[in-house]
Structures are given as structure tokens and as C-alpha cells.
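Engineer: Assemble the whole structure, with the sequences as input and the hints as a guide.
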Amino acid sequence: NAGVTQTPKFQVLKTGQSMTLQCAQDMNHNSMYWYRQDPGMGLRLIYYSASEGTTDKGEVPNGYNVSRLNKREFSLRLESAAPSQTSVYFCASSERQHYGYTFGSGTRLTVV
Amino acid sequence: DAKTTQPTSMDCAEGRAANLPCNHSTISGNEYVYWYRQIHSQGPQYIIHGLKNNETNEMASLIITEDRKSSTLILPHATLRDTAVYYCIVRDPLQGKLIFGQGTELSVKP
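Protein chains in written order, with this note's numbering: chain A, 1 to 112; chain B, 1001 to 1110.
These are computed hints drawn from the structure, not numbers from a lab. Quick reminder that beta carbons are idealized off the backbone N, C-alpha and C, glycines included. You may find that some hints are simply not true.
Straight-line alpha carbon distances no greater than 25 Å define the calculated BS3-like cross-link-like pairs of lysine-lysine that follow [what the hints assert, rightly or not]:
#1 K71(A) with K1097(B)
#2 K57(A) with K71(A)
#3 K57(A) with K1003(B)
#4 K1052(B) with K1069(B)
#5 K14(A) with K71(A)
#6 K1003(B) with K1097(B)
#7 K57(A) with K1097(B)
#8 K1069(B) with K1109(B)
#9 K1003(B) with K1052(B)
Anything over 12 Å on all C-beta distances counts as not near chain A; from chain B, calculated [what the hints assert, rightly or not]:
#10 G1015
#11 A1017
#12 D1067
#13 K1069
#14 P1110
Partner residues are not named here, just some residues of chain B that face chain A (Cβ under 7 Å, in silico) [claimed, not checked]:
#15 H1040
#16 G1043
#17 Y1046
#18 G1101
Structural biologist: This is the structure:
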């Protein structure tokens, strides 16, 4: 049982390049989330998907787009990467109700 | 979602109980208290949650005051592997997202 799988684990982009971060969960969870974590900071919510077919903005959505491809997969796209988007990105999933979130191991993105 | 206040850092001796406090004076009646931890460079890990009553699981105990304005996470016998940042979060599970604050950096020392 893999839980939440994120790919890639590391990525270096040049300013202006685009890329998609992939996230998949195998726990049949309804809700999925994307967070970013800057050095020495707590996690900030970028986008979330409460259920398949829905997506909503979090605290810091600017510069990002998301797609809930199916119940298992939730991708995060950077259309034109900027140095300010250098961060560690975490994907998480949860049941609709109040049990805990399961997080992936993160994608470390550097934009130069 | 209600905001929380936690100490920035704490130390604990290995084998002793670690008591991590959290203030959430504006918590509303339908908001739960959640605790997560993040070991360096890893994704956060769910620890425990509660509404009114004290809760215990294999990882920790959660003590919530009667007025629900504060809570304490207790790690009964801290080990070096418990060194992490601990996040206290209040959230309405039916409406609110999980919003992280700064957390408490717990250092367990030999």
C-alpha cells in the first residue's frame, strides 16, 4: 500500500519553463490537496479538491493550476515558473470527514 | 478556521514525557483540534485529533480543557525520533481546510 505518491522528487527549472507535478493516492480518498513549504515556514495550501470533479483555491493559488484527473490523481501545473515558486511541494489526501490527512514525501522544486 | 498559538520551540529529555501546549481561544463548537508533526524534510504525519473529550492512541494523548480554549499533546516517553515540528490545528471537518501555522519545534535530547 503506497499511500500518496508524488513525482518527481526533485526538479530544477529555468524561469519561464512549465511543468506538472503529479500526485496519486491508492486509499480511495475523496479529497486531495496541494501545499507548498518554503524554508523555515509552515505549509501553505495552494489548491484542493474536495471530491472528484471539483477544485478550489487555497491560500496561495496565484501562478498555479490544478487538475483532478480522476479519484486517484491530482496534478499541479506551473505554467511559467518563477524563482518565487522555489519550494517543497506536498500533496495530501483524506476522507471527506475528519480523519487525518496522508501526505506524500514531497517534490523539491528549484527555479533558477 | 480558528487560529492557534504555540511556543516556537521546546526541549525534552529522552524518556521523559513531552507536553506540547496549544491555545485556541476562538475555537467554535464544531471545530476539532488536530495535531500533526513533521520530521525534517518529510511530509507531515497525522498524530491525533479530538473535539471535547481527551483522546489517546498509540502515538500520543490529547488533553482538551473543559472550555476548549486550549489543549496539550502528550508524548508519554519521548525518544530521539520524536524530534520534529509539531503543528496544532483547529478545523471544522465538514467545511474547513487544514491550515498550518508555525508549529513548535521539539528537540528531544539524550
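Engineer: If a hint holds in the structure, say so; if it does not, say that too.
Structural biologist: Cross-check of the supplied hints:
{"no.": "1", "hint": "K71(A) with K1097(B)", "verdict": "holds, 18 Å"}
{"no.": "2", "hint": "K57(A) with K71(A)", "verdict": "holds, 18 Å"}
{"no.": "3", "hint": "K57(A) with K1003(B)", "verdict": "holds, 20 Å"}
{"no.": "4", "hint": "K1052(B) with K1069(B)", "verdict": "holds, 10 Å"}
{"no.": "5", "hint": "K14(A) with K71(A)", "verdict": "violated, 32 Å"}
{"no.": "6", "hint": "K1003(B) with K1097(B)", "verdict": "holds, 13 Å"}
{"no.": "7", "hint": "K57(A) with K1097(B)", "verdict": "holds, 11 Å"}
{"no.": "8", "hint": "K1069(B) with K1109(B)", "verdict": "violated, 30 Å"}
{"no.": "9", "hint": "K1003(B) with K1052(B)", "verdict": "holds, 17 Å"}
{"no.": "10", "hint": "G1015", "verdict": "holds, 27 Å"}
{"no.": "11", "hint": "A1017", "verdict": "holds, 23 Å"}
{"no.": "12", "hint": "D1067", "verdict": "holds, 21 Å"}
{"no.": "13", "hint": "K1069", "verdict": "holds, 20 Å"}
{"no.": "14", "hint": "P1110", "verdict": "holds, 25 Å"}
{"no.": "15", "hint": "H1040", "verdict": "violated, 11 Å"}
{"no.": "16", "hint": "G1043", "verdict": "holds, 3 Å"}
{"no.": "17", "hint": "Y1046", "verdict": "holds, 3 Å"}
{"no.": "18", "hint": "G1101", "verdict": "holds, 6 Å"}
Figure legend: structure checked against the earlier numbered hints; hints not met, in rising order: 5, 8, 15.
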